[in-house]
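**Q** Sequence:
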Amino acid sequence: MEPNKPLGEVKKFNPYQRPKKTREPRDPIDFKKYWKLIVGLVVAFVLLLILLTNVYVVKESEYRVVRQFGEVVKIQDEPGLQMKIPFIQSVTTLPKYQMTYDVSEAEINTKDKKRIIIDNYAVWHVVDPLELISNAGTIVNAESRMEEFIYSVVRTELGQLDYDEIINDENSSRGSLNDAVTAKVNELLDKDKYGIQVMDVRIKRTDLPEENEQSVYTRMISERESTAQEYLSQGDAKKREMEAQADREAQEVIATARKEAALIQAEGESQAAKIYNESFSKDPEFYELYRSLESYKKTIGDDTVIILPSDSPYADILSGNFN
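Residue numbering for the sequence shown follows UniProt numbering, starting at 1 and increasing by one per position.
Because the hints were derived from the structure by calculation, they are not lab data.
From the three backbone atoms N, C-alpha and C, an ideal C-beta is built for every residue, glycine too.
Everything hinted at is true.
Pairs of lysine to aspartate or glutamate, EDC-like flavour, derived with a Cα cap of 16 Å:
1. Lys96 to Asp128
2. Lys204 to Glu107
3. Lys204 to Asp119
4. Lys184 to Glu157
Listed next, with one range per pair, are the computed distances between beta-carbon atoms:
5. Lys113 to Gln229: 22 to 28 Å
6. Gln214 to Gln98: 37 to 43 Å
7. Arg145 to Ile50: 38 to 44 Å
8. Glu223 to Gln98: 39 to 45 Å
Modelling step: build the complete structure from the supplied sequences, incorporating the hints.
**A** What follows is the structure in structure tokens.
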């Protein structure tokens, strides 16, 4: 019987209950035996961590700039794995691929004193990272300087053109303008050694200020109507010229035909007279009689009165005396 138990209480025995095991005391771990192993593992981990944090990858589309105490000591542009000196050197990245920069809209004056709004974009890339870092500092600063140069060159170039030359797509001046702007912007960038190069500058939009749009549209309509009227006048003038040319040619043809007809008629009359002469020369008396009879047809009518001498040959024929 257990102590402090009331009399008559008996503990029931459970045959399925396992007896409790008593734990034997363990000896404490002696870390002194493993300190070399622990130190080795810690050192290996630290070295691995330092190695992983100081190895970097150079990609084909980027430059890797290695700085030592803030100064550029190396620029990596060949793809592959590289390593920097821990705690002393740092690595930054610059893009090698072509980038597009949207230049801010700007208002300029044309040669004929028109105000227009120009919207450009530029395609550019880094060609010398060291020059860029030395003179521009950052990509943002380089883009800012590039935008200033583009605005200055575009303002100068368009200031030498009239408004119609700029907006007229058929004009060849607009086609070469982009190339001229690109070349001059690169000259300015090379002069200041910013380490970047512009591949292309394009004017993507030209607009008028809102206050000028209606007046310009009205003027353009008037100019188009004037041009149309000029074309109509030119057409009428051409029509009159062609009609005059046709009339002149017709008169020449008619005159030539009349001349040829007169020549033919004269030749025919000449041949007829020749035939008459040959015929009448065979009997002159008959010819005289024939001529007299023909004259009677023309001179004698129903009411004709003729006074002739009695011995007139003309009268002899009328009186029937043919002797």
